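Enquirer: Sequence:
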Amino acid sequence: MSTVRPEVAHAADLAGEQQYVGGLYTRLDELRARTVRRLEEQLALVPHNPQAIGEREAQVELHTQRIVALDAAESGLCFGRLDRHDADVPRYIGRIGLSAEDGAEEPLLVDWRAPAAQPFYTATPLHDLGVRRRRHIRTRGRTVESIADETLDLTAPDVAERAGPASESVLLAALNATRTGRMTDIVRTIQAEQDRIIRADARGVVVVQGGPGTGKTAVALHRAAFLLYTHRERLARSGLLVVGPTPTFLRYIADVLPSLGETGVVLTDLGGLRPGLHAQAPERPEVAEVKGRLAMADVVAAAVRGRQAVLDRPVELDIDGTLLRFAKADAARIRSRARSASRMHNEARPAAARAVIELVARKYADKLGENVLGGANLLGEGDVAALRREVAAEPAVHSLIDRLWPRLTAESLVADLLADPARLAAATPGWSDADRALLHRPASSPWTPADVPLLEEADELLGVDDSAQRAAARREEQRRLRHAQETLDLLHGSRSQDSETEDESEELSAGDLLDAQSLAERQEEVDTRSTAERAAADRSWTYGHVIVDEAQELSAMAWRLLLRRCPTRSMTVVGDVAQTGSAAGASSWAEVLTPHLGSSWRLEELTVNYRTPAEIMAVADDVLAAGGSGGTTAQAVRSTGMRPWSRRVDEAALADAVAEAAAQFDKEDGTLAVVVPRHRLDAVAAAVRTRLPEATTDGDLTAGAVVLAPESAKGLEFDSVLVVDPVGIVGEGIRGHNDLYVALTRATQRLGVVHTGELPAMLAGLDAR
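The sequence shown begins at 1 in this note's numbering and counts up one residue at a time.
These are computed hints drawn from the structure, not numbers from a lab.
Computed Cβ-Cβ distance ranges for the label pairs, DEER-style: (1) D682 with A341: 51 to 57 Å; (2) D538 with A703: 30 to 36 Å; (3) T702 with V60: 30 to 36 Å; (4) R407 with R38: 46 to 52 Å; (5) A686 with R569: 46 to 52 Å; (6) W431 with A626: 31 to 37 Å; (7) T607 with D201: 18 to 24 Å.
No experiment lies behind these values; they were computed from the predicted model shown.
For glycine and all other residues, C-beta sits at the position ideal for the given N, C-alpha and C.
Construct the entire structure; sequences and hints are all you get.
Expert: In structure tokens, the structure reads:
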């Protein structure tokens, strides 16, 4: 009996997969063309009222999102196949789900997020989950380039060929690929421990702890895509928020969710969480630490109270030539009345204004209606009401109201607080003068990310006095109602005139089908923005799920802000406490989360380092141990054979030596980062640009080499990394060993260290050059 040679069988399998994948792309093209036609039909419609505009825009948004998802699926549409024990038909796994045109029960392609696809990521020979063979399909464009099989059935004749090398080679090929300056999805290579977290229950707060290279960010973003798939209806209404550490990081990850077909997500850093404010000014670490303390919530509350109905001496009012004395006790009564009306300052302002007007009017009436013979006041209630209207129009009274209960914005409150030593002292009883001095700054200073939680806290206490807007809205509603009624009356009049000359008609008019209220409602403006657009513009928006990356850096006040944005406490928090660089950040997850959540959170750990070569991790692990953070490292699975090196130079030659080393690294494929202490950033960047003119410091990772401080490198990865002055990095940082650990672990291929003076013992693992 003749047997088919392996290379012939492989070629036949490759041709078979090409035929099937070609059919998938044909189906994709059909669906895209159909969706484009429907979009064009909607765009061609001419709506005649706001309601019709809203309906059309909703359809346009629906079809547009579908086209985006179909376009995103173009690259790597199908990447896997499952052959099952109980089914003759293989199951293909891909970026999106594609159903057969005839409605067959087995879809042409199963979405990677569907439960039916999970065995592709989690099946093993010992727990095969009904799968006898798993096939990895690699494509370039629409061409199948290679296939790799894993046999999971331990009783199969070809069991010796199953060995896992197939899936491992797919993973290592992806890991060894050069970087582009933009993060890519890992949908083809999700590993079992990552898949478990991606598919975890959306309820509650999940904390994902993982060392460098474990794929924390990828897991978080793929979890976002998974939740948007499984909770589409709920998250379409409430939205999903992803918070990253820096604008550079957000640009780095910006393509991942769109590549998975998901665009309706708000991505921001802490400084961008407040609509209309771009808080990106630098902040000294010690100042950020003070602003991040939970006690700052009490400071902001005290600042609000300090602006409410306080007089240091009586005030005299001149009302049409009559002098009235407004005493400190009067101000205290106003404060009591207003605070009982609302806990929010601005919302209590109308009550404060009414109380001031009432009190001044009574004082005015007492003066004008005083009975010199000692009897009752000569003015009646009608007279007092007239005086009240007169008082309400007095500029002096308005000035008094503004003084006693000013209308405040969060920006004005916080700026005034931090700029005024007296206000700071009043709001911080028991604080040290040193801490108060750290908070003090000029009122014109630009906002920093550490200010955003303070501003948000202020807004929660201030609220909005929207009485004028509500009155305007009521007037507009009445105007629309009158206009609608006039329109119906006009139609009815025209119909009556027609009936005088014609026989009674059975034709229905608008008045038979609509009343004035319904017609008026049709004229209301419809908000056609997407959920993400509305959420990003609304400070008070609460999200259905929040994902926080590099979460170990967040202060207590930042946590307070984010938890307020997610009252359902459906959150995914990823980070590594061994990489904490901020003084306000986490030494342990329990330390930062327990004050806000108690025990209502659960910890998951990623234990495998897929990115950082073992040669580099051996050096980084020594730095971690020397820092005493107590963190544990993940097991590195890659070895490149390239040893990390160090080069000692004189101080005067440091910048030029770095430029030379960067130029050598730049000859290699892939991306390059030069990580330096903050105080050396400008000098080193200038020197690097003499050799690499395209080098930047603005965080554009696609333009060429980039020069960064350690805190700006968090969450990023590069093929080559050059670390400059490691002793300076340690000495400059609040948690300097952690900063150096971050710097060393950004490399996926090559690492070099340029330094002056003796290297510390923790870097003894570097090869000297």
